[in-house]
Amino acid sequence: AQSVSQHNHHVILSEAASLELGCNYSYGGTVNLFWYVQYPGQHLQLLLKYFSGDPLVKGIKGFEAEFIKSKFSFNLRKPSVQWSDTAEYFCAVNARRWASKIIFGSGTRLSIRP
Amino acid sequence: DGGITQSPKYLFRKEGQNVTLSCEQNLNHDAMYWYRQDPGQGLRLIYYSQIVNDFQKGDIAEGYSVSREKKESFPLTVTSAQKNPTAFYLCASRTTRLEGSGNTIYFGEGSWLTVV
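Residue numbers (this note's numbering), protein chains in the order written: chain A, 6 to 119; chain B, 8 to 123.
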């Protein structure tokens, strides 16, 4: 079955700590990959996306993600988090063969201690 | 302003009643989606539509129905057959062009449905 796994359900960090959130998917073909963020009380917005080319993708607010095809992974990273990064983060996958179907992971809640 | 409008924002339903959630977009997007968001379960796909008059079941379509008579509109009906309908429902859309921002999915602000 097609799936997207985010193994970290809740991550708690102090400000200035480094962040890495895991995302793995279970489809072997060509994929488009996304990270979305949902700040408290706000709707989902795109952080970054990968379509093709350089597997290291840079997004907004200092976030980046690396696509490792051999590991079916698209982990999200940030070298130094801020309190304002407190939010829920969702990984999503669209496989070219699925046409428009997009599947999301279960989300990771990130809490930053000031 | 361009965007996705969901209504109502909050809705209460009695058990055994059907209810319809509205989703309208003025982004000229071809594809539209309905997701359900529950704590700890992320976003689960209910239905999606790639084009007018066509729609496909997602992972949790049982107890839901949709229609796509117009490009701008993709209403979701939560029927009495849905066993656990209390949730936050998100509508989304995107263009199906592959280049540029074609694959980015944009979300509405969501609708809270509570069954009482």
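Any given hint could turn out to be false.
List time: in silico DSSO-like cross-link candidates among lysine-lysine, alpha-carbon distance up to 30 Å [claimed, not checked]: (1) B/Lys77 x A/Lys63; (2) B/Lys16 x A/Lys76; (3) A/Lys66 x A/Lys106; (4) B/Lys64 x A/Lys63; (5) B/Lys64 x B/Lys90; (6) B/Lys77 x A/Lys66; (7) B/Lys16 x A/Lys74; (8) A/Lys54 x B/Lys21; (9) B/Lys64 x B/Lys77; (10) B/Lys90 x A/Lys63; (11) A/Lys63 x B/Lys16; (12) A/Lys54 x B/Lys16; (13) B/Lys90 x A/Lys106; (14) A/Lys54 x B/Lys90.
Per label pair, the in silico range of CB-to-CB distance [to be verified]: (15) B/Gln48 x A/Leu61: 37 to 43 Å; (16) A/Pro60 x B/Gln24: 47 to 53 Å; (17) A/Pro60 x B/Thr93: 20 to 26 Å; (18) A/Pro45 x B/Asp61: 35 to 41 Å; (19) A/His12 x B/Pro15: 46 to 52 Å; (20) B/Arg20 x A/Ser10: 31 to 37 Å; (21) B/Phe19 x A/Pro45: 34 to 40 Å; (22) B/Arg20 x A/Lys74: 20 to 26 Å; (23) A/His14 x B/Gln24: 18 to 24 Å; (24) B/Ser14 x A/Arg102: 30 to 36 Å; (25) B/Lys78 x A/His12: 19 to 25 Å; (26) A/Gly58 x B/Gln48: 40 to 46 Å; (27) A/Pro119 x B/Gln63: 42 to 48 Å; (28) B/Lys64 x A/His15: 27 to 33 Å.
If you are wondering where the hints come from, they were derived from the structure by calculation, not from laboratory data. Every residue, glycine too, gets a C-beta built ideally from N, C-alpha and C.
For which of the previously enumerated hints does the structure constitute a violation, in increasing order of number? 1, 2, 4, 6, 7, 8, 10, 11, 14, 15, 17, 19, 21, 22, 23, 25 and 26
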